[in-house]
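The whole structure should be built from the sequences, with the hints applied where relevant.
Protein chains: 2
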Amino acid sequence: MPDTATEFRQMRRYRAAADYLAAAQIYLRDNVLLTEPLRPEHLKPRLLGHWGTCPGITMIYAGLNRLIRQQHVSIMLVTGPGHGAPAIHANLWLEESHAERDPVLARTGGGLAELVRRFSWPDGFPSHLSPEVPGVIHEGGELGYALATAFGAAADAPDRIVACIVGDGEAETGPTAAAWQLNSYADPATGGVVLPILHLNGYKIASPTRSALMSDSELTDLYRGYGWSPLIVDLSAIDYDEVDAEPDRLLATGLDAALARIREIQRRARGADDTADATPPWPMLILRTRKGWGLPASIDGTPLEGTFHAHQVPISDPQHDQDDLTALEQWLRSYRPDALFPDGEPCADVLAACPPADQRMGTDPATNGGVLRRELDLPELTPYAIEVPEPGAATAGATPVLGPWLADVMRRSNERRDFCIVSPDELESNRLEAVLEATDRLCQRQPPGYAEHLGPHGRVLEVLSEHNCQGWLQGYLLTGRHGVFPSYEAFVSIVDGMVNQYAKFLKMAAEVGWRAPVSALNYLLTSEGWRQEHNGYSHQGPGFINTMLTKKEWISRIYLPPDANSLLVIMDRCLRTTDKINVVVAGKQPAPQWMSLSAAREHCRAGAGVWNWASNDDGDEPDIVLACAGNIPTVETLAAASMLRRDAPGLRVRVVNIVDLLTLAPPDRHPHGAPSSDFVDWFGRRAPVVLDFHGYPSAVHECLHGRPDSDRFHVRGYREEGTTTTPYDLLISNGVSRHDLAIEALHRAPGWSSRAGELADRYATERERIRRDLRRTGVDPPEITDWTWA
Amino acid sequence: MPDTATEFRQMRRYRAAADYLAAAQIYLRDNVLLTEPLRPEHLKPRLLGHWGTCPGITMIYAGLNRLIRQQHVSIMLVTGPGHGAPAIHANLWLEESHAERDPVLARTGGGLAELVRRFSWPDGFPSHLSPEVPGVIHEGGELGYALATAFGAAADAPDRIVACIVGDGEAETGPTAAAWQLNSYADPATGGVVLPILHLNGYKIASPTRSALMSDSELTDLYRGYGWSPLIVDLSAIDYDEVDAEPDRLLATGLDAALARIREIQRRARGADDTADATPPWPMLILRTRKGWGLPASIDGTPLEGTFHAHQVPISDPQHDQDDLTALEQWLRSYRPDALFPDGEPCADVLAACPPADQRMGTDPATNGGVLRRELDLPELTPYAIEVPEPGAATAGATPVLGPWLADVMRRSNERRDFCIVSPDELESNRLEAVLEATDRLCQRQPPGYAEHLGPHGRVLEVLSEHNCQGWLQGYLLTGRHGVFPSYEAFVSIVDGMVNQYAKFLKMAAEVGWRAPVSALNYLLTSEGWRQEHNGYSHQGPGFINTMLTKKEWISRIYLPPDANSLLVIMDRCLRTTDKINVVVAGKQPAPQWMSLSAAREHCRAGAGVWNWASNDDGDEPDIVLACAGNIPTVETLAAASMLRRDAPGLRVRVVNIVDLLTLAPPDRHPHGAPSSDFVDWFGRRAPVVLDFHGYPSAVHECLHGRPDSDRFHVRGYREEGTTTTPYDLLISNGVSRHDLAIEALHRAPGWSSRAGELADRYATERERIRRDLRRTGVDPPEITDWTWA
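Protein sequences, first through last, are from chains A and B. For the first sequence, the positions run 1 to 790 when my numbering is used. For the second sequence, the positions run 1 to 790 when my numbering is used.
Quick caveat, the hints were computed from the structure, so don't treat them as lab data. Just so it is clear, the structure is predicted and the values come from calculations on it, not from any experiment. Check before you lean on any hint, since a few could be wrong.
The list cannot tell twin chains apart, which means a pair is met if one copy fits it or any two copies do.
SDA-like mimics (lysine to any residue), calculated; alpha carbons at most 20 Å apart, straight line [to be verified]:
1. LYS552 / GLY706
2. LYS580 / MET508
3. LYS552 / GLU132
4. LYS580 / ARG719
Here's what the structure looks like:
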């Protein structure tokens, strides 16, 4: 090992090389090492990139590499300011992580030129971090999610340290603010460590950041209040070229102290020291730097270094403005590229600052989690399934039946600890309490009062922040593990922005050859709107389905199992899939059950199908098809069918149930789209279809688009009506009660509307009577659940 | 004024009355004052409500009422834990706010019985706070948004104090965490005050809250770090019946101190004291209580008071379980309803704790902001419009043209200060910098370094948190003011959850007779995906349109002005509307301009229309309709039309542009739906329509649903493809370049596909050549913007 003075000199040179490369990526397409005078034709015609955060990111990267070299720790990096991609690319190239993924990016003069050219170029690297970049598990566009992702990556990985750079712009976001509290969940014994580094360079696009307006004591108070032990490393007074200041040494001192503290905490948590404080304050660093550090102080009177003007492309028009060109060349040459890359390749002393090949952050296998992923050991479903001697002859809640199976999935993964459940304080409320017999809610702190199922090594994360749940799970999945996210249906829209980004990550990752598939992100949406009659209108919102339908057709799946056994089958399927976002909507309340396990398997395999036992069309073209998707629509549709068979015996009714919503899409538009022959088998060729859907009808229309004669589908669903009332009243107000469905069927069935007027009127009268009664009694009439369809 | 001992005794009696009423609402339908022994038939058949937070809410309510009575301050209340509705109802009834809105809820025995019956009952009050409840400006279902809403309500209202109860469950959410920092924006001179009261009762549904796991010093550090001066009022050791403990006095001491501090800060900020610290730490209270305070400690071995078991309906089955019934009666009688309501009406000493009628929180006009709302003084558009001598003969960016008009809207509202702009650090980036000539970015703190357009009295809120922007604006609008929210299009989905709730608020508010209309919430979505070719895939996402399409048809409007003058017309319209959520999508980059101001007025009035100058069908049924919605699609569509007219002269092409997306919907389904006659005038009767849409094609299909022959519409749009590349490459990858549109038109036009094969091939070849070239040069070929359609 070199003496420390040499080491820090090497690090400075390393940083100069990386900073130069970052700037070069933004500006140059040719003459990338300035071996000749800079001319306009050497510049990219469009300058796309963000310089401001780059020098700070490289400062941190170099500091972490020193830890890796000296202390042989395994460190993974999550970079919040993803627009600092040029810095990450520069470091990846210097440490040869790029070369490992793509030999064209070898650490040679040619590789350097290719790297510089490829950045922000059509068919090249995007301007922000993305799955194309080695070592990345976080789409670096939308800000706010890095820290929660880092916690998920560290969970259940005891040897892992996840360094997480949080930009001070990002620190203004809600999701980041909420994620600071995740330290009180992370388990120092069974899990790894998150080392947050708040990169405080003072500015966002056009203003000072909130952090920049805070004093050191406020910053310290804030993060201490969040349970951290903050350490401020202030480099903001140091000129980039100031040789004696040794900023790397200052940061190294902070990082060394942080690592020592981490080791101490782990030793206590993992040893026999029962007196160990269960939640010691983990270290975090606050790194003050000048934004765009290394730039000229100003150009033409516009201040640059240390201001928001350094955020993006700091010298804006060198292609056309000679002064700008001169300033740019001067700035670039200030890094002395000739001395850093004398023969087109970096000097040996620059490279001395790199980590050994097997410890590079850029090639950490966990950042390509699919390679670490192992299939879950899923229990066979039979013992968990409920007996359904005939359709409707059993009553159960779907999630309470799923619970014991999930509990055993948890138990079977006890040793590997590669399965987790995240939920915003809703596991019990969503009737999955059986899971808490198998594991605890994760919590490092002693509750001051009464508590149940809380423990330091639990594998259920319950925090009242959907953002935290989502970020944690993303980090967990992308590092090769498995998980489920049960949520109230209406509130999962809180993470619409996050899931948009995650779907983009999956899409791009699938296009990257070296990325291995990761486990699906599984949402279990329950406490669905139709049974939020007690919590009211704010809790009723099925729009997440619509959001997911905007994604690439091979990413999102939407399942609406109508009963308990079908939920078992679907969840079993979801936990086996990769590179997907599965949305499963299921009930938690006791409800009639339709399918034995084997019937459920067959039905789910097809995705949809005719329920002959509820139909009386004898396989001929029916007069009317009553179709349903969702647990509550299934009950109402079967009830409507039963009413019609009783009261309109000549009417040939077919009942179709849909589990996999995307079977409705044409097969040329969606991989799950059912072949035309199946579609005709289900829905006939001409019969009108009254389809009762769990969510907004528009979601079904969207799926059906492109099917011939989709106009014969009359879709009902949630039409944004609701309040606190009874379940049946909620159905009536949205026009999806069994009475409404039966009336529409009578109107739609060809040739029946004239004959059926009287019956339809009777149904309407009955519906209004029920409504009057329930306003008086406060409950649905008992007979309303007392129906026979057989 | 009574002596203090009497006063606090009265407050205790007041709280007992309110707590009793809250419990009664959850349980009783009859015998509401227990004038006879409690029997099962007195109970509601379904018990729906949340008790746990109620006693604490009433504690706070009573404490605030004391401030109002004694110090004659005007206080508005925003209640985060909206599931504590029974407590709010009880207080509203006692102070006769309920009676003012609805005489049936008079402060009489009959009114009391009605209140109790109406809660959580079909057609009655929802179980959560909602617009039906007087004094409410915050949908109390989804947690996290109370604090930002409170800040918006206080902004520009110097005499207002907005007390905000933040539940400790809610305090775990990201949006709440981010909202604490809003204190550094709120202006003590021109604005009011937010007084947050963190209600720390220790538990959410099933676990301790994060706050409950924190020590007093951590809590103090945290909120001090956020710039507050926190004061802990700890009542958690006090038994509900402990006469000497005087919890009201403890809270009063805290509230008095807070108010004194508020007054001191305001005096300094509003006086001539130039040395005043610009951002003194505002006070906040942390109130520790026992959850469900007043309940029995346990029942049947299950702990109740002070645990999560008190969260919802604490004694669960009194209808069927005799022990539960006995326990319930015992508990209810512990409040001594006979002594509180001796003749069915509250005693005088109970009522002594109420505020005077004109200062009740429940009837503060600001909580029904529509009554305070005044029309904006909007400048006539002409001076701001740009000259467009003929279509395409001018070039401009749309938002840069809008900027000066918005700046003058700002100037004209200088005195009233009832217009604000909120934006996540994007005003300049979205090219609305002209606004900053009229006002500053709001900021109370001295930036440590260089800054521009930052000032303590600014009326632009820029904070890198869409959640904060949205909450602030909601609070501002609901208290009777106006505003605009410019945002990057892709990132507005961050607030999907919030806008879902806000749309619900508007829907319910419109059904409440006494609520006056409030100004529309106006989103200006720019930096749209098609011009995020430089920021890449993460910045491309038009899904907010899909989210808004799920709302009630009279709430959401979606406008896609194709150029600058039409943007002026549309924004002018939006700022005049009420009870709406307007989504306006517009470009910021220089682009060809199509319409003079008068043409834009006419086009926007119709919502859509044929552009004859770009068509060659001479008013006959065309061979093909090229339709477009959105600024970039308009350019491409016109280019495609121009190419076809040049290269396929016999082809009759009609160009239709759509500004108001919802004109596409059938008029029986949507109030903006164009009459069939207009629809036929635009799109003909038979011609295929190739429609290039700004967003996901599904949004257009959803609008068209129900139009006859909607199958002839072939919609293209964003298909979730993108990266960092050139603008034209981004279009090509989504199949919406002018070449793609022209090719599809040739394929679709009846009788043309055989003749047109060669031409289509030529276009395809040209497109591929362009793609190859741009991969080499990094820019779109210059000729690509050099086209003539005339």
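Results of checking the hints against the structure:
no.: 1; hint: LYS552 / GLY706; in the structure: within (17 Å within a copy, 26 Å between copies)
no.: 2; hint: LYS580 / MET508; in the structure: within (13 Å within a copy, 37 Å between copies)
no.: 3; hint: LYS552 / GLU132; in the structure: within (18 Å within a copy, 41 Å between copies)
no.: 4; hint: LYS580 / ARG719; in the structure: between (29 Å within a copy, 18 Å between copies)
Violated hints for the displayed structure: none, as all numbered hints are satisfied.
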